[in-house]
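2 protein chains.
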Amino acid sequence: MKWTWVLVVVLLSFGGLSLGKESLDFPEYDGKDRVHDLNGKNYKSVMKKYDVMVVYYHDHPGSSRVAQKQFEIEEMALELAAQVLDEFEDEDIGVGLIDAKHDKAVAKKLGLDESDSIFIFTDDEVIEYDGELAADTLVDFIYDVIEDPVEIIDNNRELKGFENVEEDIKLVGYFKSHKSEHFEAFADAAEEFHPHIKFFATFSAKVAKALDMKLNEVDFYEPFMDDPVVIPGKPYSEDELVKFIEANDRPTLRKLQPHNMYEIWEDDVGGEHIIAFAEEADPDGFEFLEILKQVAEDNTDNPDLSIVWIDPDDFPLLLPHWEKTFDIDLSHPQIGVVDADDADSVWMDMDDGEDLPSVDELEDWIEDALIETTEVRSKGASRLF
Amino acid sequence: MKWTWVLVVVLLSFGGLSLGKESLDFPEYDGKDRVHDLNGKNYKSVMKKYDVMVVYYHDHPGSSRVAQKQFEIEEMALELAAQVLDEFEDEDIGVGLIDAKHDKAVAKKLGLDESDSIFIFTDDEVIEYDGELAADTLVDFIYDVIEDPVEIIDNNRELKGFENVEEDIKLVGYFKSHKSEHFEAFADAAEEFHPHIKFFATFSAKVAKALDMKLNEVDFYEPFMDDPVVIPGKPYSEDELVKFIEANDRPTLRKLQPHNMYEIWEDDVGGEHIIAFAEEADPDGFEFLEILKQVAEDNTDNPDLSIVWIDPDDFPLLLPHWEKTFDIDLSHPQIGVVDADDADSVWMDMDDGEDLPSVDELEDWIEDALIETTEVRSKGASRLF
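Top to bottom, those sequences are chains A and B.
Read in order, the letters of the first sequence correspond to residues 1 to 385 in my numbering.
Read in order, the letters of the second sequence correspond to residues 386 to 770 in my numbering.
Next comes chain A alone, as it looks inside the complex (with noise of 0.2 Å):
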């Protein structure tokens, strides 16, 4: 804070600024209205204005304290977005708003009909961000929009690049160039899924050796998994690709990040959630991780399973939130099985982390505790244990 309040001192004494002194300061909502409510009569003209419009279509705001102050506070951070993008050079980014109580026609007409997402609109895509509503979060994640579907490898520290994304499902495809029709139809299955899947290509032979790949061939990639699987039948149509990809977009193992948390929390298996807490940054963490990440490879072909990893690193403010509704303690790495509804959990005994479990301990305690859960909700029970 010290640049901050540097400036501020600068600005009473000057009246004018010193970059230096800027450089590290974090802009703070100046106050000005940029966000766009958009109705039938200007959706149009506001939104051509734009290369790129992120639209917020809520639903109408609740009479209560509650409801108008959290919508407040959902403005303002649209309206924090709005300003960062306003000084964004690269293309014109604009934000609005549709209430879905008094525009549902504009945004039938815009073809959306899920209310409570944020939908970004670029030249020939319409992408949903159904992350955390912060400025920050939502800005990085409109920079991924932006870039090129498709990231090219060219060389051998490119490809090291590439084997370091870990985090998000991947594919990577070996064409003879731009040209090649087979790229165009890998490039046209990338937009349908970018930025939330990561696509790669490469046209270089001595990349494709190194991943052992033959010409017009696709490589999927589930997150935290060393070895792909080849995509049958190349080369693909651009249908043959989006059909593969749907089939298989719930990775084994996947990580909850601010960008995605709301998405992966609804994509729950049974209406339940396996949730692994582990600090990658702290040894019994990081161990765990390599025990959750063996166990995901040795079950990548169970349809039923699917860990959702969280680091607590990456939500600080929930931390607390999370240690009192699951009455546990995250100081160390813990595994349970989550209602999605409820919230009621249950959580493996491993000790303070001094004892973190097998391999084999782990497989075990999870297909018993799932095993388990199906049992007592046959049961009709509406609490979990």
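To be clear, the hints were calculated from the coordinates, so they are not data collected in a lab.
Backbone N, C-alpha and C define an ideal beta-carbon position, used for all residues, glycine too.
Be careful, since some hints might not be right.
To be verified - For lysine-lysine, the following DSS-like pairs were computed, each having C-alpha atoms within a straight-line distance of at most 30 Å:
(1) K594/B / K293/A
(2) K160/A / K594/B
(3) K179/A / K214/A
(4) K545/B / K564/B
(5) K324/A / K417/B
(6) K32/A / K417/B
(7) K293/A / K426/B
(8) K433/B / K324/A
(9) K591/B / K293/A
(10) K206/A / K678/B
(11) K417/B / K434/B
(12) K678/B / K209/A
(13) K49/A / K433/B
(14) K160/A / K545/B
(15) K243/A / K209/A
(16) K678/B / K545/B
(17) K545/B / K209/A
(18) K417/B / K69/A
(19) K214/A / K243/A
(20) K678/B / K160/A
(21) K545/B / K293/A
(22) K69/A / K454/B
(23) K32/A / K454/B
Stated by the list, open to error - Label-pair ranges, simulated between beta-carbon atoms:
(24) K417/B / S64/A: 14 to 22 Å
(25) V511/B / A247/A: 55 to 63 Å
(26) K160/A / E752/B: 23 to 31 Å
(27) K206/A / D624/B: 50 to 58 Å
(28) E28/A / D533/B: 30 to 38 Å
To be verified - Short derived list, chain A residues pointing at chain B, Cβ under 10 Å:
(29) T137
(30) F141
(31) F288
Knowing the structure of chain A, use the given hints to seat chain B on it.
What follows is chain B alone, placed relative to chain A:
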């Protein structure tokens, strides 16, 4: 944002909570005042109430609107942090303010000379926080503060966790047991630098063998360096360790992060910073980072070289501001020399990241840039280029 809304709806309709839907609900400031204004009368009694006290020793806010608004925003961030920490059950953590104009005497009594910083008082240490004044970053830092200063490495999986820590200065010691006087000296030294510098220890001969360490040896790792420096003269006293660390606490390559950004920015070298922007999640950025690490390893003995790496993903809200201030495109890697005071800067021409420099080219460029800037300075020029 979905859950937040569902929660609101639930509140309205049943007036009750749904834990499940609340599980991912970010806390918002509830309006309750938790931050204490510390003064000569109350500071002793207030601080006695808490295990850990977070004190923002701030300059007296100016009377201008800018200064007032600035201070309000800072107070709000601290209130939200206090609210979250209030829910935290492991320790009683309090937050307080000391006004440098009205209560300098209190600060003096607490041993604080430098204002405009946050100081965290634990049983036996006062730790300075000089990072972003944001609730999540500050709270996350405080979690680190209350963790044990020394992490024990018990096995090879945890050893991989240790190796995975590369962004901070870290030390590891090999001792006979917890009771060893040499371990105690190590732990005492750790308290002096915790949590800014990471301390690890092992009592396992197997782990020590993997690290190629002798009994009572302590190894010092710069960030991003695979090979440690063996601290000479084992076994060491606390003083010897502290002296060595203080003599080596400016790494050749260091990462600017929200929790240390102002601390690093102030630690300029001759009024300048070498700033490298590289997005690790991007192949180009990863490739450039690999080159940077090589340059750092080759020049680790050069005391005048300290490259500050910034990953734009860590500062989405500052990105457009930086692109404007430095007149660069941050969708590609960039490296430049920045005047820490007036932000004048010169950047290497990297042809939009298409043509990254070799290690040698980068070393030559840095050398020339530094010489040039020094010459201009010595000519007493007020601006760099």
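Here's how the hints hold up against the structure:
1. For the proposed pair K594/B and K293/A, the alpha carbon gap of about 26 Å is at most 30 Å, so the pair holds.
2. The hinted pair formed by K160/A and K594/B meets the criterion: a straight-line CA distance of about 29 Å does not exceed 30 Å.
3. Of the pairs offered as hints, the one joining K179/A and K214/A holds, with about 18 Å between alpha carbons and a cut-off of 30 Å not exceeded.
4. Restraint check for K545/B and K564/B: satisfied, since their Cα atoms lie roughly 25 Å apart, inside the 30 Å limit.
5. The straight-line distance between the Cα atoms of K324/A and K417/B is roughly 20 Å, inside the 30 Å bound, and the hint therefore holds.
6. Taking the CA atoms of K32/A and K417/B, the gap is near 28 Å; set against the 30 Å cutoff, the hint holds.
7. Between K293/A and K426/B the CA atoms are separated by roughly 55 Å; this puts the pair beyond 30 Å, and the hint is violated.
8. Taking the CA atoms of K433/B and K324/A, the gap is about 25 Å. The hint holds against a cut of 30 Å.
9. Proximity of K591/B to K293/A is assessed by CA-CA distance (about 24 Å); at most 30 Å being required, the pair is judged to hold.
10. For a cut-off of 30 Å, the pair hint linking K206/A to K678/B stands: about 24 Å separates their Cα positions.
11. With a C-alpha separation of about 18 Å, the suggested pairing of K417/B with K434/B holds against the 30 Å cut-off.
12. About 26 Å separates the Cα atoms of K678/B and K209/A, which keeps this hinted pair within 30 Å; it holds.
13. Restraint check: the Cα-Cα separation between K49/A and K433/B comes to about 58 Å, which exceeds 30 Å; the hinted pair is violated.
14. Annotation: proposed proximity of K160/A to K545/B holds, straight-line Cα distance about 19 Å (limit 30 Å).
15. A hinted pair counts as satisfied when its Cα atoms are at most 30 Å apart, and K243/A with K209/A qualifies at roughly 27 Å.
16. Our distance criterion of 30 Å between C-alpha atoms is met by K678/B and K545/B, whose separation comes to about 20 Å.
17. As the CA atoms of K545/B and K209/A are separated by approximately 29 Å, the hinted pair is consistent with the 30 Å bound.
18. Restraint check for K417/B and K69/A: the C-alpha separation of about 15 Å stays at or below 30 Å, so the hint holds.
19. Between the alpha carbons of K214/A and K243/A the distance comes to roughly 21 Å, so the proposed pair stays at or under 30 Å and holds.
20. As the CA atoms of K678/B and K160/A are separated by approximately 14 Å, the hinted pair is consistent with the 30 Å bound.
21. Under the criterion of a C-alpha separation no larger than 30 Å, the hint pairing K545/B with K293/A is consistent with the structure, at around 14 Å.
22. With a CA separation close to 20 Å, the supplied pair K69/A and K454/B stays within the 30 Å bound.
23. Between K32/A and K454/B, the direct Cα distance comes to roughly 15 Å. Compliance with the 30 Å bound is thereby established for this hinted pair.
24. Against the hinted window of 14 to 22 Å, the Cβ-Cβ separation of K417/B and S64/A comes to about 19 Å, which satisfies the hint.
25. For the pair V511/B and A247/A, the beta carbons lie near 57 Å from each other, so the given range of 55 to 63 Å is met.
26. Taking 23 to 31 Å as the suggested C-beta distance range, the pair K160/A and E752/B conforms, at roughly 27 Å.
27. Between K206/A and D624/B the C-beta distance comes to about 54 Å, which sits within the given range of 50 to 58 Å.
28. Separated by about 37 Å at the C-beta atoms, E28/A and D533/B satisfy the suggested range of 30 to 38 Å.
29. The beta carbon of T137/A comes within 8 Å of a beta carbon in chain B, closer than 10 Å, and the hint placing it at the interface holds.
30. About 9 Å separates the beta-carbon of F141/A from the nearest beta-carbon of chain B, less than 10 Å, and the hint is met.
31. With a least beta-carbon distance of about 9 Å to chain B, the hint placing F288/A at the interface is held under the 10 Å criterion.
Going down the numbered hints, you'll see the structure goes against 7 and 13, while the others check out.
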